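Engineer: What follows is the residue order along each chain.
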Amino acid sequence: MTLASPPAAVEKFSAAYKSHAADSASSPEWLKSRRQQAWSTFSELGLPTKRRGNELWKYTNLQPLAAADFEYGVTGSVTLDQIKAAGPWDDAWNTVVVVDGNFHAELSNLHGTAGLTAGSLAEAIAEGTGNIEQQLGSLAGSEEYAFTALSTAFIDDGAYVAVADGTELGQPVQVIFVTSDNAASRASYPRLLVDTGANSSVVLIETYVNLADSAQFSAPVVEVFAGEGSSVHHYRVQMENESSFHLGTTRVAQLGNTDFTSTSFAVGASIARNDIHTLLDAPGATCTLHGLYMTNGDQQQDQEISTTHAKPGCTSDQFYKGILSGKSTAVFSGKVIVERDAQKSEAGQKDLNLLLSRGAEIYAKPSLEIYADDVVAAHGATAGHVDRDTLFYLQSRGVDEEAAKAILVRGFAEEMLNEFKPEALNEFVEKITDERIPILLAESDTIGTA
Amino acid sequence: MTNQNTISRESDLSGGEYKWGFVTDVETDLAPKGLSEDIVRLISAKKEEPEWLLDYRLKAYAHWVELEKNDAEPTWAMIDYPGIDYQDIYYYAAPKGTNEAPKSLDDVDPEMLETFEKLGIPLQERAALAGVAVDAVFDSVSVATTMEKQLGELGIIFCSFSEAVKKHPELIKKYLGSIVPYTDNFFAALNAAVFSDGSFAYIPPGVKCPIELMTYFRINTEGSGQFERTLIVADKGSYVSYLEGCTAPFRKTSQLHAATVELVALDDAEIKYSTIQNWFPGTKEGEGGVYNFVTKRGRADKNAKISWTQVETGSAITWKYPSVILKGDNSVGEFFSVALANNHQQADTGTKMIHIGKNTKSTIVSKGISAGKGNNTYRGQVQIMPGAENAVNHTQCDSLLVGDECGAHTVPYIEVRNPTARLEHEASTSKVSDDQLFYLMARGLSEEEAHHMIITGWSRDVIKELPFEFALEASQLLKVSLEGAVG
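Chain order of the listed sequences is D and W. So the mapping is simple: our numbering equals the position in the first sequence, first residue as 1, plus 162. So the mapping is simple: our numbering equals the position in the second sequence, first residue as 1, plus 3.
Isolated chain W, as found in the complex:
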């Protein structure tokens, strides 16, 4: 699904290897920069939201103001960045003409369709062929959702968040903030106040979603923040696989991305959530790039399963801990991650597995690659609550260092409050072994190819969890992102 031939090479001008750095020239509807109660009201009004949602936003905003006043922006992560000026960000940027949601793909701005084509997103018929339903979010607004009708026949709801607010308010009301309340953390509060759009999916009881649902996020406007909100509810006994991809244009100023994702897996349901995060990582010299502060969490009820798979190659800063609350007995949580930090990138990412129910099981496989001057931290928490009889966790986190100016860190928190739990945590840190490199190079591979092959193989445990097309893209991304790190 990568469509490299049509990809603009604008980024080459600066010597960066980021291939998704083109800017789309569409007219944009911008709210003034800065954050205030008026902006929150404006966003809500633009989206013609009901009173209860505005109230929710205002409460979140008030809470955020309080946090900001108390310097509660989290500082514990191993990331270092100049303070974010929250008044220097556009909190609402929508492509013009999307005030009325597009009725069909024909209504969508052709420029934008082209953008998504460059990104390799199978909109239109390609969507059907690829077996993927896509909700594309451009800056802050969802621009097109494909295959909505076909999904509708199964009772599956897959649409933009704004649309869901209008068409399915009872579901949104019930689940919004139920997993990540706005009081959760600084960025969750910010998101709850100003979230602009995102995706919503609901899978009815017993339904196995036959195709993969996908959202593609893109930040286009300079100086804009993106605050999308994703909510997925898998009703009893249902199954859904959801994919998320993200890119941003090449900008020398940093962009803030503070998303919130909530997953609800009711009894016997399963949600598989895959992410390829390829936000603009900044230039080689460490200028610009996306600040990615994301809160992702799911709740697994009885016998339910939530699986997070992520490939994180983008962003100047990644602060992200997709988590699972294993509330129901026999529920299962999984986290598979490959995170790469090259040049000046900094990633502090991991997961939280909170075992509440009996016989709950979690698996964590994290692979961190550090190159250039990048710093990569795995930060994970496994918490066994007193009632979690026979809980099991296995954690493996490995780090690979490429070059002598990068850093790889592992910070696991293991908290066991029930004696019947079994936990194993293992981790290793090393560089690519000279022997392995020599072996491959002796067989004719260049040093760079050899590195790529070893790293792909080393990441295989995670990559194989991805749906097929994504796995291909992930492997390509790792290669591209490591260019210049070797030799």
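Here chain D stands alone, though its shape is the one from the complex:
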């Protein structure tokens, strides 16, 4: 299909790009050229449109994003109490706070733990910390994907987390991205770069909270370089406000015998996408991508999950669960690619959905692309509702109707909630789920009806 229309909404971002480029004249040359290249890619692509043949955006209409206006570089005030109230918190964790895209030293809670470098990305860039020049933008840069290109064109600040070889961190590291309480509609492009040394281990919590009521646009990009034999347990909590746009991208490169798990909890934003790709680039790597998404109202929540087995003997597992109410839409687009050389691969893929109301829609596309023969791969997807019999069973045991419904929905979410291991995080996602279920049920018109 030929492209009939010019790239969408490039103009909207171009003034901000120019002024950002002018303001960051002191950036190192390599970064400037990366930004320029990314901008030129984005100007050719524009924002994705739902045109025919655009497989990645087949079910997602970004027109509301293209129609909205955002300011760049505006920031407001945030207090620590606001952050603690909005997201998970534990004083024992090392927490990096990023406000409106910029590292905030006073709000961050860093203990100077040995073997851990955690802090400002801008500072790491300026100081050339570790392999930053080589790494930043190399997994998510100016490739043909609008949101990584856009983000890379605006690379500035965010968080940098590095774990030294052999370091096993006892407590989680949280990076919390906060949008300040300010009336402006902002665009922000925070980055997180994670570099784990050989045989190190880290629990990493990535949280997005929004203190503003206005529509925000955030296109965060996370790049994870998992060193030989390292273990990275990653959690992603997305709690943006319900008029915002959250187009998040995570790219992970795994070396030999690495263990990467990522568990996502996605309830926020008007239109949200969790786009995660892991590359199993050396034998013996294991990758587990799990998640729970809950939607209501007019929300749209996309999970774009892909894993590439590039080398033999790797294992991957994708497992997502969705609870949909109101007139909301969710998309699960899972992909597992097993390349020619990746013999002895094992891959699992599953997406289970609970639909609570008329008007809620789920689009699931669990796909496998396999070019090696000595492979065990399986996938499954289901969609269904809570039927009358199940509800009746509980009611007949003396549970009242509303409580019975809540038990059933909560029961569906439970196994995913249990995967959030750090205690304060587990309490947080359970609390949010318990608050969310009555809202889902209030918008449900079919639970237990047939």
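Don't read these hints as lab results, they were simulated from the structure. Only a predicted model underlies this, so the values are computations on that prediction, with no experimental measurement involved. One should not assume that every hint holds.
[Stated by the list, open to error] Straight-line alpha carbon distances no greater than 27 Å define the calculated DSSO-like cross-link-like pairs of lysine-lysine that follow:
| hint | chain 1 | residue 1 | chain 2 | residue 2 |
| --- | --- | --- | --- | --- |
| 1 | W | Lys305 | D | Lys212 |
| 2 | W | Lys170 | D | Lys489 |
| 3 | W | Lys62 | W | Lys170 |
| 4 | D | Lys512 | W | Lys355 |
| 5 | W | Lys49 | W | Lys152 |
| 6 | D | Lys174 | D | Lys212 |
| 7 | D | Lys506 | W | Lys49 |
| 8 | D | Lys220 | W | Lys364 |
| 9 | W | Lys361 | D | Lys489 |
| 10 | D | Lys220 | W | Lys330 |
| 11 | W | Lys355 | W | Lys305 |
| 12 | D | Lys220 | W | Lys355 |
| 13 | W | Lys355 | D | Lys212 |
| 14 | W | Lys355 | D | Lys497 |
| 15 | D | Lys512 | W | Lys364 |
| 16 | W | Lys376 | D | Lys497 |
| 17 | D | Lys489 | W | Lys355 |
| 18 | W | Lys376 | W | Lys211 |
| 19 | W | Lys376 | D | Lys220 |
| 20 | W | Lys72 | D | Lys489 |
Position chain W against the provided structure of chain D, taking the given hints into account.
Structural biologist: Just chain W, lined up with the frame of chain D:
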């Protein structure tokens, strides 16, 4: 019904295993190569078609020209082939002497009868014995329909498409393009413009067709395309089982096959449609072979059932998604498929189940086998529309890999817009397990026999849906098509 003793072994000269690669030396009436409005008019004139049908073709042609101009040939499938030159194809090739339709089998060119005999098609009395009524389509023209009289007594119409246009224009007018409009896709538009012949069946209300109806397609002429059109209408409460088989001679140039099949199952009717597709798959080196771009779709009204069963072993490229529109309440759609891609074959095939009515139910069982350098993709869509209360779908698609140079892909689309629907999709991909092979080989089977036995067993869920004679042929075909892939 396979008749292997008489099968020519011409294909052996090139080392290919395709056993249906003989060429029949019959004189052919060819229209000049290339596609234009004149060709469309010529085809229509050759077939002495009424004005409305010519109009239909011309509209389809105009639409196709527009699509071609906009590069709308679909590219989303996981198939890779050099562009098709639509001006380098014969759009009309008819065996000479078929201008007047054969009045009886005696009028049919003996050479051609022999061809069909080689193919193992039970024409003549064998048809009666086998309990199968056959409509044989040679290149673009239907050459013989057996048992027409006996079927006629039940009010069943089974004849070539061209004949149906003449004898039953009201039915054709009513249903042609009603399920697959010419605007549906690039190849459907092309077919609607240049379709040459095909089969038509109509089963009157309440009639259970006592025998299986069958069409055998064969491409003979080099450089010709085949664009047949099949329309089956099962009136209220009727039943029909329809079989379709296809072969083509061994050619080093590729041949285009773009067929359209439309099924209409009115209230309470049932259509069972089985296909054994064994078009020439190309040589081991990937030269030639049939490009099979087919649009097949059925509409099931209230309480009606449409069942597609396919065994796809042939063609260099298969692009085919037999679908069911579950329009009526309580309607049922089924899709059973075994697709095999060996050597350089590429298959992108699956189904679409579109649930519109309440309590609609669909089942999908797909088995894909990849061997050699073959690539096999299951691409399926299950769509639950907002009004489809209590719709149920179960999908199972399994892939088997034989050898380390092939590919097996699964691309399901599950679209649920009604919360009361229940959907389950499961799929697996693996190779033939070493343990199973060892078990069989320890009992004296060769590696190849063991593979064949495992693959046949693995495909059983689909093969058992086929009528008996077809099941036998399907199992043989799987064996032949896999020759050389093992060991």
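Engineer: Each of the hints needs a verdict: does it hold here or not?
Structural biologist: Verification of the hints:
1. Restraint check for W/Lys305 and D/Lys212: the C-alpha separation of about 34 Å exceeds 27 Å, so the hint is violated.
2. About 52 Å separates the Cα atoms of W/Lys170 and D/Lys489, which puts this hinted pair outside 27 Å; it is violated.
3. Proximity of W/Lys62 to W/Lys170 is assessed by CA-CA distance (about 23 Å); at most 27 Å being required, the pair is judged to hold.
4. For the hint linking D/Lys512 to W/Lys355, the alpha-carbon distance of about 21 Å falls within 27 Å, and the restraint holds.
5. Between the alpha carbons of W/Lys49 and W/Lys152 the distance comes to roughly 26 Å, so the proposed pair stays at or under 27 Å and holds.
6. Only pairs whose Cα atoms come within 27 Å are accepted, and D/Lys174 paired with D/Lys212 is accepted, the gap being roughly 19 Å.
7. At most 27 Å may separate the alpha-carbon atoms for a hinted pair to count; D/Lys506 and W/Lys49 exceed this at roughly 59 Å.
8. Note on D/Lys220 and W/Lys364: the hinted pairing holds, with a Cα-Cα distance of about 26 Å set against a maximum of 27 Å.
9. Simply put, W/Lys361 and D/Lys489 have alpha-carbon atoms about 21 Å apart, close enough for the 27 Å limit, and the pair holds.
10. The hinted pair formed by D/Lys220 and W/Lys330 meets the criterion: a straight-line CA distance of about 24 Å does not exceed 27 Å.
11. The suggested pairing of W/Lys355 with W/Lys305 holds, with an alpha-carbon distance near 19 Å, which does not exceed 27 Å.
12. The hinted pair formed by D/Lys220 and W/Lys355 meets the criterion: a straight-line CA distance of about 17 Å does not exceed 27 Å.
13. Taken as a hint, the W/Lys355 and D/Lys212 pair is honoured in the structure, with Cα atoms around 21 Å apart against an allowance of 27 Å.
14. At most 27 Å may separate the alpha-carbon atoms for a hinted pair to count; W/Lys355 and D/Lys497 meet this at roughly 20 Å.
15. Under the criterion of a C-alpha separation no larger than 27 Å, the hint pairing D/Lys512 with W/Lys364 is consistent with the structure, at around 22 Å.
16. Annotation: proposed proximity of W/Lys376 to D/Lys497 holds, straight-line Cα distance about 22 Å (limit 27 Å).
17. A distance of roughly 25 Å separates the Cα atoms of D/Lys489 and W/Lys355; the hinted pair therefore holds under the 27 Å criterion.
18. Distance hint between W/Lys376 and W/Lys211 is unfulfilled; the C-alpha atoms sit about 44 Å from each other, more than 27 Å.
19. Annotation: proposed proximity of W/Lys376 to D/Lys220 is violated, straight-line Cα distance about 31 Å (limit 27 Å).
20. In summary, the hint linking W/Lys72 to D/Lys489 is not supported, as the alpha carbons are separated by about 39 Å, beyond the 27 Å threshold.
Consistency note: the structure conflicts with the earlier hints numbered 1, 2, 7, 18, 19 and 20.
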